[in-house]
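*Asks:* Here's the letter readout for the chains.
Number of protein chains: 2
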Amino acid sequence: MKVEKSSDVSKSPVEIENAKGVEIRWLISKEDGAENFAMRMFELQPGGFTPLHSHKHEHEVFVVQGQGTFVCEGQEYEFGAEYVIFVPPNTEHRFKNIGDSILRFLCLIPASAA
Amino acid sequence: MKVEKSSDVSKSPVEIENAKGVEIRWLISKEDGAENFAMRMFELQPGGFTPLHSHKHEHEVFVVQGQGTFVCEGQEYEFGAEYVIFVPPNTEHRFKNIGDSILRFLCLIPASAA
Chain A
11 MKVEKSSDVS KSPVEIENAK GVEIRWLISK EDGAENFAMR MFELQPGGFT PLHSHKHEHE
71 VFVVQGQGTF VCEGQEYEFG AEYVIFVPPN TEHRFKNIGD SILRFLCLIP ASAA
Chain B
11 MKVEKSSDVS KSPVEIENAK GVEIRWLISK EDGAENFAMR MFELQPGGFT PLHSHKHEHE
71 VFVVQGQGTF VCEGQEYEFG AEYVIFVPPN TEHRFKNIGD SILRFLCLIP ASAA
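So the sequences go chain by chain: A and B.
Residue numbers for the first sequence follow the numbering used here, beginning at 11 and rising by one.
Residue numbers for the second sequence follow the numbering used here, beginning at 11 and rising by one.
Here chain A stands alone, though its shape is the one from the complex (with noise of 0.2 Å):
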């Protein structure tokens, strides 16, 4: 069981190649227990992305704070503040800060691919 504020999570940067301003939380891992998915807060500066990639499992997105661009197969879409956004599983697919203020979403995946 775990009850936390996830502001309290300790967060680390995201240090893979092609990425810029990135930071993570792990939120809800199988360290708590979790057997079947992972919650993660992803933390983007301004200017911030993550590497446009794609990978076998999928992502199911929910955006707490802030304004983004979601590219995906090769078209771009503008969110803000609580979109969903699901992507299924090997689509090449990048997300970006547009905004002046950080970007938060929730980011969510099965946990065999943790």
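Since the hints were made in silico from the structure, they are not lab data.
This one's a predicted model, so the numbers in the text were calculated from it and none came from an experiment.
All copies of an identical chain are treated as equivalent in the list; a pair is satisfied when it fits inside any one copy or across any two copies.
Each computed SDA-like pair below joins lysine to any residue, with the alpha-carbon atoms no more than 20 Å apart:
id, residue 1, residue 2
1, Lys66, Ala121
2, Lys12, Pro98
3, Lys12, Val81
4, Lys12, Glu92
5, Lys106, Pro61
6, Lys40, Thr101
7, Lys106, Gln77
8, Lys12, Glu83
9, Lys106, Cys117
10, Lys15, Glu92
11, Lys15, Thr79
12, Lys15, Ile108
13, Lys12, Gly90
14, Lys106, Arg35
15, Lys40, Pro98
Keeping the supplied structure of chain A fixed, place chain B upon it in accordance with the hints.
*Replies:* Then chain B, alone, in the frame of chain A:
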């Protein structure tokens, strides 16, 4: 693929015994191609609550707006916006809105429980 404002996803009342003032939006589910887990938004009116109940699947919860109490295995916890809550399988639990405005939280479950 799905990109949608969560408030545009249709909402329906939760009509189960011992629930009061509860509505649900299925933000991401098998209908969207999500095979592993489902994202729902629960909306509880002031004074609203979910039943005290347990089941064999876990919950992963993120509080979007409002103030509430979470009871789990007889212990009560207060929470507000941006709290994260993990409810392990087979633990008796309940959510209640103790604020003056709506309480909204994401609650994710394995697809097998949807």
